[in-house]
Amino acid sequence: MTAPTDADLLASHCAGDPDAFAEIVRRHRDRLWAVALRTTGDPEEAADAVQDALISAYRRADTFRGDAAVTTWLHRIVVNAALDRMRRRAVRPWTALPEEESSSPALVDESRLADPREAAESAETTREVRAALDTLPPDQRAAIVLVDLEGWSVEDAAKVLDCPAGTVKSRCFRGRAKLAERLAHLRNPDGGPPVTPPDHEEITKRFGTDQGGGPAS
Amino acid sequence: MTDQTPAVPDDADPGLTGADLPPIDPALAAWLASDPAPPMPAQVWDRLEAALAAEPPFVASTPTAADAAVASAPVADLAAARTRRSGRLWPVLAGAAGVALVGLVALPALRGGDAPPVADGPLTAEAAIEIPTPASVTAPQGNEPQVADAPATSSSEQVATAPAPAESSAPEGAGPTPATTATASPAIAMPVAMLDTGTTYSPEAIPAQVTTLLTTAGMADSQSMARALGGAEATPNPSPMSGVGMLASPEALHNCLLRLGIPESAKPLIVDHGSFEGLDAGLVVTVGSMRSDGTPGDLHVVVVGTQCADADVAAARHFDLPVAP
Chain A
1 MTAPTDADLL ASHCAGDPDA FAEIVRRHRD RLWAVALRTT GDPEEAADAV
51 QDALISAYRR ADTFRGDAAV TTWLHRIVVN AALDRMRRRA VRPWTALPEE
101 ESSSPALVDE SRLADPREAA ESAETTREVR AALDTLPPDQ RAAIVLVDLE
151 GWSVEDAAKV LDCPAGTVKS RCFRGRAKLA ERLAHLRNPD GGPPVTPPDH
201 EEITKRFGTD QGGGPAS
Chain G
1 MTDQTPAVPD DADPGLTGAD LPPIDPALAA WLASDPAPPM PAQVWDRLEA
51 ALAAEPPFVA STPTAADAAV ASAPVADLAA ARTRRSGRLW PVLAGAAGVA
101 LVGLVALPAL RGGDAPPVAD GPLTAEAAIE IPTPASVTAP QGNEPQVADA
151 PATSSSEQVA TAPAPAESSA PEGAGPTPAT TATASPAIAM PVAMLDTGTT
201 YSPEAIPAQV TTLLTTAGMA DSQSMARALG GAEATPNPSP MSGVGMLASP
251 EALHNCLLRL GIPESAKPLI VDHGSFEGLD AGLVVTVGSM RSDGTPGDLH
301 VVVVGTQCAD ADVAAARHFD LPVAP
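Taken in sequence, the protein lines are chains A and G. Residue numbers for the first sequence follow my numbering, so the first one is 1 and each next one is one higher. Residue numbers for the second sequence follow my numbering, so the first one is 1 and each next one is one higher.
Bear in mind the hints are in silico, worked out from the structure with no lab data behind them. Source: prediction; values computed, not measured. Wrong hints could be hidden among the right ones.
[Claimed, not checked] Over 12 Å on every C-beta distance to chain A, these chain G residues come out as not near it, computed from the model: (1) P41; (2) G198; (3) Q223; (4) A226; (5) R227; (6) S292; (7) G294; (8) R317.
[To be verified] Stretch by stretch, here's where chain G covers chain A in the computed footprint (C-beta under 8 Å, at least three residues): (9) 7-13; (10) 58-72; (11) 146-160; (12) 171-184.
Using N, Cα and C, we set each Cβ at its ideal position, and we do this for glycine too.
So here's chain A without its partners, still in its complex pose:
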């Protein structure tokens, strides 16, 4: 007997099956967690975002119409909850301080790295990458997390983020440019020429001109 699909489980949940929704969550919890954690950069915020989002999804399961995958729908709700927490955090400057950042649990199990020097370098790179991600506006960060870290297609990421695919491309492109600039020293540890991020002209050429879409970050 084949396992029920996510859509089957969601239908069962709507029909009153008390265990169906938890089974959906159990299937996808790691991916949902990864997106929340990377979007917020804070395990506690991520845990709260995931819980808020999934409780909301549980209660509003009948709003799912089946025109996207159940996982897309769940990711959308989780990402939005994470973004909301990011936006709130934007008014708490201390959350970006390195001291707090270093106090959060490491995402890399450094004990599994054989070479201590490699481990140290990897940890430093991880710290630098997290710090660079932290500097991105929430919307750009979410796009980078979905497309470049979690491997979503632009189209599917657009469904999760509830915006046009072009907007996802734009956010990824700009986010990558900022990350490349801020992590350039990792590429050029010996002082070589820095990575040059795409300039305004290139961004405009690729992704359009200022149409008043959103505020400059």
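Position chain G relative to chain A; hints supplied.
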């Protein structure tokens, strides 16, 4: 934060964005890959599983079902609410229940004044709100808020609450069909109080300005906020909203709150029409967290352009304000 990236809007016109996203720079991909996300920690899963298990069985969000789904939510005693309102000198927009919508009261006065009087105390978003007593608050000159009281209704018209969605954007076609009254749209979350003060909000004054709003709306301390949220009072038939954009209708406000990512757990207290940084704006006060004693621990405040367009949502300012115990 220093940002050397050219100031290009984050969201380019989708109609002009036919270009493919180029492959990610391999070096950047490698750096990002150096920071893999771990699986969900066991304690997070345990907490989540317990929270899901504690949820009541799912009930579809049709009006009838919604009533059943929130049968345990407190339902206001309208007679008591009317009695209380009629005895107040202070214009109080009271009411509410549980997590979401209950009453909508139009409050079209207090327009044209400057910011409400600023209470003493630290003007930082992190400062605990010291709620003044009503007697210590001075309303803007000649601009006392007025209450557009709801018409008397029978107890059968009492509105139960329905959960508000947590995500910024509901799935396509999600949600119940909008209606113009609370009784016809039980899933539309509305605040305890709808105000139209015309306040000129500013980031540094937000704590004091919100304090004044809360006091004006009869929520002068954490206990009275808890009572309002707990459904001690309710105004089930909202007066027509007369603003623009997000303030034009309960549905518009509801949609804007969704787009702002107001989570389901954030109980809406107040929405006010004013201005912020020179723009026509709506201010939304929700409960960010609750203490174990059932009173608000902190408030989450969002100021957003009243049109609540994409740019407004993106530029919205969010503040967390701890509430004095």
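Quick rundown of the hints versus the structure:
no. : hint    : in the structure
1   : P41     : 7 Å, violated
2   : G198    : 24 Å, holds
3   : Q223    : 25 Å, holds
4   : A226    : 20 Å, holds
5   : R227    : 24 Å, holds
6   : S292    : 16 Å, holds
7   : G294    : 19 Å, holds
8   : R317    : 7 Å, violated
9   : 7-13    : violated (count 1)
10  : 58-72   : holds (count 10)
11  : 146-160 : holds (count 4)
12  : 171-184 : holds (count 11)
In terms of the numbered hints stated before, the structure departs from hints 1, 8 and 9, listed from lowest to highest.
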